[in-house]
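Chemist: Sequence:
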Amino acid sequence: MYKHLIPKVFRNRAHQAIQSCSFSAWINRARADADSTLDRSVDAEKLFINADVQRLLTELTGMDLEGKVFKTRRTEIQQRSHFALMTDERLAETMEKMKSEARRFLNFVPLKEPRSQEVTILSRDPEISGFDNSKFVFTDITFDATDQDRTVVVREVDGTLRTATPEEHDRMNRTYYEKPNRPVFPPAVFEDPYLELVQHVFDHVVEKGDFDVLHSTRHFGTMVFYLALNGNIPPLLNFFGARGRLRDCANLVRLQKTLHPDWRFAINTGDSDLKIVTDFVKQQ
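Letter by letter, the sequence shown follows residues 1 to 284 in the working numbering.
Everything labelled a hint here was simulated from the structure, so no lab data went into it. Everything numeric in this text was worked out from a predicted model, so none of it was measured. Where a beta carbon is used, it is the ideal one built from N, C-alpha and C, also for glycine. Each hint should be verified, as a subset may be incorrect.
[Stated by the list, open to error] What follows is a set of in silico ranges between Cβ atoms, one per label pair, in the way DEER data are often shown: (1) Pro-166 - Glu-93: 44 to 50 Å; (2) Tyr-194 - Thr-87: 26 to 32 Å; (3) Gly-270 - Gly-209: 29 to 35 Å.
Use the sequences and the hints to build the structure in full.
Modeler: Spelled out as structure tokens, the structure:
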């Protein structure tokens, strides 16, 4: 009787449907429509964790110890200020420790693509429609299956067999393979409303030119990545240029070239920061 509920495709992982996002959520659709050179299907997650990209973003983020990272803040528990006499060597060691601690505070917010909510229809079997008034969920509990590639399919009441949604997939993983400290609800950082909010904030910062608000915070690198990914670095370039930060201007251009290798702008290995910025300005 149950052999009609699930076809042989479930027992063969080679037929597992893989969901993919064809349009990166971090691409500004309005800019993509206006600029045909933007790659809509770019893998933003993979680019963000690239070693060269992370290095450039870290340098561009800056480290304002007194003005941002360790700025005096109002807290519920008041603490006395601590003053100490130090030798030059001890002061240098202390400053290095503070920079190390600051780097931890400035770790970038993870950049993730929202999971696709689309499902794949595996088969339609109207002959078993109404067999039960509840859905049937089939989960692959093979020993070597991982939480990411575990096959989960759902048989609908009308006889349709489809792949599971991300929420159903997570629920089955928690049901069969419970793990401590795993949240029932995913962090908001991975939800669509978060992406919409972040992009709205970034666009507002660009519109108002308030880059100082996010500079030297853990959100600045993500904003720079977002702007470079969408080919919108001139406003930020003006921000760095107005402060005489030539190195940051050049790194910003290097970042956009790293994210868009096919970009018409060419950068040679021996080019100086001044030449890179000058050539970019001439091309605009």
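Chemist: It remains to establish, for every hint, whether it holds in the given structure.
Modeler: Hint-by-hint comparison with the structure:
1. The supplied range of 44 to 50 Å is met by Pro-166 and Glu-93, whose beta-carbon atoms lie about 48 Å from each other.
2. Look at Tyr-194 against Thr-87: about 47 Å separates their beta carbons, and that is not inside 26 to 32 Å.
3. Between Gly-270 and Gly-209 the CB atoms are about 33 Å apart, so this pair conforms to the stated range of 29 to 35 Å.
Checked against the numbered hints given earlier, the structure breaks only hint 2 and satisfies all the rest.
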